[in-house]
Amino acid sequence: MRKSRRLASLALPYGVYALIFILAPLLLILFYSLFYQGSQGFAFTLKHFLKFFDFSEPVYMKVLVRSVRIALVSTVICLIIGYPMAFILSRMNPRVRNIVSFLFVLPMWMNFLLRTYAWMTLLENTGVINSLLGSLGLPPINIMYTEGAVIFGNVYNFLPFMILPIYNVLIKIDKSVVEAAGDLGANFFKTFTKVIFPLSLPGVTSGITMTFMPAVTTFVISKLLGGGQNAQIGDLIERQFKSVGDWGFGSAMSVILMLIILVVAGFMNSYEKDKSAGGVLL
Amino acid sequence: MKKELIRLVNCVMEFDGEAVLKSINLTVYDKEFLTLLGPSGCGKTTTLRIIGGFETPTSGEVLFDGVRFNDVPPYKRKVNTIFQRYALFPHLNVFENVAFGLRVNKVPKNQIEPAVTEMLQLVGLKGYEHRDVSSLSGGQQQRVAIARALVNNPRVLLLDEPLGALDLKLRKEMQTELKRIQQQSGITFIYVTHDQEEALSMSDTIAVMNNGTIQQIGSPTDIYNEPQNAFVADFIGESNIIDGIMKQDYLVSFGGKNYDCVDAGFKPNEEVDVVVRPEDIDVVPLENGLWSGVVKSVAFKGVHYEIMVDSGDYVWMIHSTDAQVPGTTVGMMLEPEDLHIMHKFYPNGSVAGVAEVE
Ligand SMILES: Nc1ncnc2c1ncn2[C@@H]1O[C@H](COP(=O)(O)OP(=O)(O)OP(=O)(O)O)[C@@H](O)[C@H]1O
Ligand SMILES: [Mg+2]
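Heads up: the protein sequence lines correspond to chains A and B, in order. Reading the first sequence from the start, the letters are residues 4 to 285 in our numbering. Reading the second sequence from the start, the letters are residues 2 to 359 in our numbering.
Looking at chain B on its own, in the form it has when it is part of the complex:
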């Protein structure tokens, strides 16, 4: 049984009359790892600041354990934040930055030193205790910020792109570390990122945001496999998104051909977005294909090849472990359940992104 911890009810946030958040409804459960995922400027930080108490929503309610929390100041909330731009205290050294929360909360002196030391060890900054924070690199400052928030053992930890300044290797390490901390300590994490891979690998729940609204909330697998609209599909992983027409239940038409699918419940002949994941398309000999195209380019991506195939009306992105020869004509194949049919999200025509790739 999941216990509800924080709930935003119809939260609207306006700055100078401009709605930055448009009616956000979001439930965060106890001990959950929830990620707010979305492009830059979509309102992730603003949502986090409402939960942290740094902004009061223009309208709507913030509930904490079911109690209205809108006007409770930050210092009374059992919530700690890792700020997007670290916000370290420039006049204190690394040790004192981390110890700040413990000192103001009157933790006995003899407990402060071991707690801070342990935290610095955890974030890999042992031996940096007496360094000036301004002398640290961006990644090191970020880790001080993580330690400074975590050391207080809050009920809820808000993390605003906490790994943004780290190199890939360190980021992967810290991802594992943060996830481990979250599972061990049972702290509820509300995590902001625009890195979909990070979101998919760490979260229990993902809320995909765009333009001040939540597009979809669900587990990483739900979001990835059953995106509710073309925006989510496009943002989470790479997708082929093409215009189609839903002829009838279980039959969709695109590129002048009809295909079996597993979706139903659309209006007859409704215009839809058809979303196909690049890894769901198989390249087959020409005669076995459902449809065909000319191989435009092949790029090695480490684990797989990224193959672009032009079928005349659309350039398909395909991920495959086998390379193809550019210029050859190949067949393409997929299963009915690999076609994801969605109500039109983008008002006119195709999605910016994959569809435009030449």
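So that you can see chain A by itself, here it is in the shape it has in the complex:
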């Protein structure tokens, strides 16, 4: 009894931290989204939310839909590229494996703004890729400031978040279970579809969650690579706070975005039978 209380007291600093830096901002956002400052102080209002869900002029909803679409496509591409990569990685001998997975993590140590700026210079109309194409006598392709560029940036930045959880689950699969499948007559393909893939699903779901969330909320990638016309909901929120100055509307959109993320995370978590496996976020 006393021991557990002592252990609980160890968590106190974190409790204070969470209160100040997590709970308080969330409450503030909720407050700003539901109240406005009138002449006699703050008053309750739903106008910020109504502004967003204005069906006669659904500009904001369109941005939200586009954000979700871009995030979904990015997540699917990450999965298609990331799963085979994680699988190959898990099959390598441990020494090579450690080096390669280190290489995967290495770019994550660099600020992702810098990485994205680097891609701008590569993708620009006068950038490295197009000069290469030009020197081969091929016409330049217009990559920058398209939805494709945003998706590309997302995939590039968030791919490790897909690979690592899947890889972590794959290397933990009991080798003898894979052998048992072979023993019972399953060739590689059947062993994969009937044993390895089902057993790796916890990694896949947390990979999807961990890729989708940053992809749907990002605002820098879409701004740098997508330009104005490919703005995502994150850009919109940023603009409300930084240039428009409508904190109430910005907060309302943040609340909406958080709700979407909560729904997605809850959905993915309910898919995970074994919640202990993989790097689950919630």
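Hints listed in this document are in silico derivations from the structure and should not be mistaken for laboratory results. The beta carbon of each residue, even a glycine, is placed where N, CA and C say it ideally should be. Zero decoy hints are in this set.
Simulated DEER-style distance windows between Cβ atoms:
| hint | chain 1 | residue 1 | chain 2 | residue 2 | range |
| --- | --- | --- | --- | --- | --- |
| 1 | B | 130 | A | 200 | 22 to 28 Å |
| 2 | A | 192 | B | 24 | 36 to 42 Å |
| 3 | B | 68 | A | 190 | 17 to 23 Å |
Here the structure of chain A is known, so what remains is to put chain B with the ligands in place on it, guided by the hints.
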């Protein structure tokens, strides 16, 4: 006429340059129940994995029906394995675990259900079809593993200590059951155990292994009655193993006395191991004994008493249905054919085990 089915020829298995199997030669005949018996770490599982196709021997050949089989992957071998640690599919329930082999081998759907049900009945797990395998006890998981392999009706079944997790009663039942299945189905069983009693009661042939080598291959009676060296004698059943000198053909000396025996062909005065089974020694009145000793202890073992008798230079283990009084001096008696003379196996002195019992 026995038909040869599997043959290992000079199989060597090295891991990181260390030889775990040293030149294994082993022939398995069709429909035979062959047991690999040996202490932990001697290479039983490794031998089984070579036959199952999960390891490729460093050198040597694996022949199946006379055809070289070294590089044939497991899924193409008509061999099924019951793994030492079960290796059940954690994402499938009991029914689907057992049905796995049938499904991947495209057995018609309407045959799968009855086959699986019959198998589960056989291993005593009827009614467990929809249970999660992780919710089963160790013994139940082991029986699922048995059902999962048997249901495919393989030509050869590899069993790696398949009854290790069962309690004594269930183990005895499953031993009888497995033996019955083997005889009825004509499936060749290659069975791994370190339980000598299990090996003796179930097998047609036993291969006794130690340290990556096969010490002796033979029928259970051969192995028990004519062990080729002190290791086999010691491992199969309990034995008194003492140092002796072969004076000449049919005459061995130990404990300072000469005894008639039935062995010949040793060098004159060769140092040998003399092996005597505990049940072959009779306790007799002092004056009738070939040699004598003081009763140290008497322990009741169910069917017999285990009596330890100290003759001064060795403590003899004797199994007898009659008890003795500790502290009395008794005579001991045996027939010449009960003395088993073997070339020295352990380089210096006596065998660890019985000889050290005080
Ligand atoms: N993949 C491997 N890499 C390195 N060493 C191994 C490997 N597999 C087995 N060994 C070694 O080979 C030896 C024999 O192992 P094996 O599993 O065949 O023993 P066993 O007779 O089945 O023992 P047990 O009765 O304990 O199951 C052991 O010393 C083991 O450590
Ligand atoms: Mg083993």
